[in-house]
Amino acid sequence: MPAVQETIDQVKAIDVDQYKYGFVTDIESERGAKGLSEETVRFLSAKKGEPEWMTEWRLDALRRFNTMEEPDWARVSYPKIDFDELYYWASPKSVEGPKSLDEVDPELLATYEKLGIPLREQEILAGVEPKNRIAVDAVFDSVSVVTTFKKELAAAGVIFCSISEAIKEHPELVKKYLGSVVPVTDNYYATLNSAVFSDGSFVYIPEGVRCPMELSTYFRINEQNTGQFERTLIIAEKGSYVSYLEGCTAPQRDENQLHAAVVELVALDDAEIKYSTVQNWFPGDSEGKGGIYNFVTKRGDCRGKNSKISWTQVETGSAITWKYPSCILRGDNSVGEFYSIAVSNGYQQIDSGTKMIHLGKNTSSRIISKGISAGKSSNTYRGLVSAHRKASNARNFTQCDSLLIGQDCGAHTVPYIESKNASAVFEHEATTSKISDDQMFYCLQRGLDEEGAVALIVNGFVKDVIQQLPMEFAVEAQKLISISLEGSVG
Amino acid sequence: MLEIKNLHARIAEDGTEILRGVDLKVNAGEVHAIMGPNGSGKSTLSYILAGKSDYEVTEGEIIFHGENLLELEPDERAAAGVFLAFQYPIEIPGVATMEFLKTAMNAQRKAKGQAQLSIPDFMKLVKEKSKDLNVSMDMLKRPLNVGFSGGEKKRAEILQMSLLEPSLCVLDETDSGLDIDALRIVSEGVNKLRSPERAMVVITHYQRLLDHIIPDVVHVLSKGRIVKTGGKELALELEKNGYADYIEAA
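If you're matching them up, the sequences are chains A and B in order.
Counted the way UniProt numbering counts, the first sequence spans residues 1 to 490.
Counted the way UniProt numbering counts, the second sequence spans residues 1 to 250.
With the rest of the complex left out, here is chain A (with noise of 0.2 Å):
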């Protein structure tokens, strides 16, 4: 195979740094101890030969959260979580995956194709154990790709690379800006990532610099193996300002496995950061079983004046969803957005929103939520607007719509609203709809089937948000939600 060899032997003359674990290593025999303890947090962190005072950090992580009780006020329900059952280093997906994919659920296969993802990466999208080297050159495809960009990169000054590689190369930053936003002990999954944290994205944007390209971890497929508790810590200096995308649109083959990650953003003065999220992990099968859990603590803090934090979000897949992107409006005259669709179908159950919590002064905050439900699936907003003593003049517009389809599925909308300062306007509206069978019929009488019908309906009620993605993004989610949402009529 000398297409194979060549492939190999180019991908060895790229000097890839985030390739240092994963693919090269051998999989199967690296898997720590089962079970979450001192040992195997030392055991993680010595092989990814991380310095003395991150696997301290981590050490005061797990002590913590020892010490925790999981958090029981979401509206969504599972078995409770065995914290001695899982594993903490390697991911047994990669091991106890399928042989070919002829073993891999035609369903899935059916999705990616509609997609349009080559054989070649659906094999590792849905966890083909490599039967040799074959695998590796789609992913080297693509870590070509990111080499590119890293030299453009590099000569804007802008630093984009995993979190394991930012410990060793950048301790300064790290230090300085790890756990300033999501504190060690800021919630019971946040405090577990921080003990366990596997790897992530690091990105800083150096004063004054606009990020010449969007930044994905989309290219980044050595993270899918890796995944379960990632770390993403984002940092734009004054006046800089970068768009981050986030996800895979592809589902992953995965069984009822958690995923806890955090994502930290840090806006300075005058910085913007736009962070972009689809997210399709596995839901679970029709009759419920297996899935994603996606317990997910994200937090932009908008720390300089005039800075501005941006999310922006397309959730279709996980089993169960507990995820609320915030922003903390600490500089004045500081931004907050939050755009989301979450669709849910099947036995999905969603408990989703943000938190806007205004600090400084003229302030301002913008959400946008759109819950799309069908099935037997539950589907929860649950948002947090605050205004404190100093946030005079702050503002904020909350629109809460949610679609439901069929008989079967539910809608909620939990809105907090606090305001401590008597100058600050909020407002909130929500509405819920379904389907009618009049628009049903109505586009039934021009040609489109049931399935064409439903899309075009739903995608005209996320209009808004899809509107916030970029381009290419905006495609693929615009098909995801019609594919998620199949069968949900007739």
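Treat the hints with care, since some could be wrong.
FRET-style restraints, in silico, Cβ to Cβ [unchecked claim]: (1) B:D181 with A:S392: 19 to 25 Å; (2) A:T431 with B:E56: 30 to 36 Å; (3) B:G21 with A:E287: 44 to 50 Å; (4) B:T58 with A:S436: 22 to 28 Å; (5) B:G21 with A:S77: 53 to 59 Å; (6) A:K390 with B:D181: 58 to 64 Å; (7) A:S77 with B:I119: 46 to 52 Å; (8) A:I417 with B:I180: 50 to 56 Å; (9) B:T58 with A:D72: 29 to 35 Å; (10) A:P470 with B:K5: 17 to 23 Å.
Hints are computed from structural coordinates only; laboratory data are not their basis.
For every residue, glycine included, the Cβ atom is placed at its ideal position computed from N, Cα and C.
Starting from the known structure of chain A, arrange chain B on it as the hints suggest.
Chain B only, in chain A's frame:
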């Protein structure tokens, strides 16, 4: 082209009988007007032709192009050439009229095994047909029927009709909600679509629409049956004498 034989139908939910033996034959190239008082079953007939699931056919049949129309799903009927211009066109929030037109045209092309329209070809067609109906680019960019005036809604219906090129056009009270100018524009749009290959069924309360769209045959529907059939002069007679005679006749 279309043959309705002894059609009986009721409301699926409560069993109320609406149509009690409708017979109607429409040949290609003909325009048939169906007139009648409120509650006679005119709109029901149009919905049944289009396949709305709120109604149940209990007896009789509908043959369209030699096929049993009642066996087809609503979208299959659309692809087979049935178009219903709604009395109250439905709002589709967030979906630009242009987007809706493209989706519908491509859905029907797909059902017929034809290639999808390219964007330039589609734009050319839309611009050409919109001009005749006085539909502006601005209106095409707005969400379908959302905040449209009565006249805009009806013009949008006829625009869809002219782009989808159905062989059977069913117009349900297309004149309702139209002022005189809008009535003229809409009627001209409909008249442009008259052709030897196409049949039309025009449902209306009033003669005034038939001054603009001149029918070949006029039927009077009363209490779920066609009680009188005549030429265009029948409409004038109804205008003068009202439906009273026919309500009793039924």
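Are B:G21 and A:S77 spaced within 53 to 59 Å by their CB atoms? 56 Å, holds
Quick check on a hinted range of 30 to 36 Å for A:T431 and B:E56, using CB atoms only. 33 Å, holds
Lying within 44 to 50 Å: is that true of the beta-carbon distance B:G21 to A:E287? Since B:G21 and A:E287 have Cβ atoms about 49 Å apart, the given range 44 to 50 Å holds.
Between B:T58 and A:S436, does the beta-carbon spacing fit 22 to 28 Å? 26 Å, holds
C-beta pair B:T58, A:D72: status relative to the range 29 to 35 Å that was hinted: 55 Å, violated
Satisfaction of the hinted span 58 to 64 Å by the C-beta atoms belonging to A:K390 and B:D181: Cβ of A:K390 to Cβ of B:D181: about 60 Å, so the range 58 to 64 Å holds.
Given the range 19 to 25 Å, decide if the beta-carbon distance of B:D181 to A:S392 lies inside it. Once the Cβ atoms are compared, 54 Å apart, the range 19 to 25 Å for A:S392 and B:D181 is violated.
Mind checking the hinted window 50 to 56 Å against the Cβ distance between A:I417 and B:I180? Holds, since A:I417 and B:I180 (Cβ atoms, about 52 Å apart) stay within the stated range.
Consistency of beta-carbon spacing, B:I119 to A:S77, with hint 46 to 52 Å: At roughly 47 Å between Cβ atoms, B:I119 and A:S77 fall inside 46 to 52 Å, so the hint holds.
Cβ-Cβ distance between A:P470 and B:K5: within 17 to 23 Å? 58 Å, violated
Hints 1, 9, 10 from the list above are not met by this structure, while the remaining hints are.
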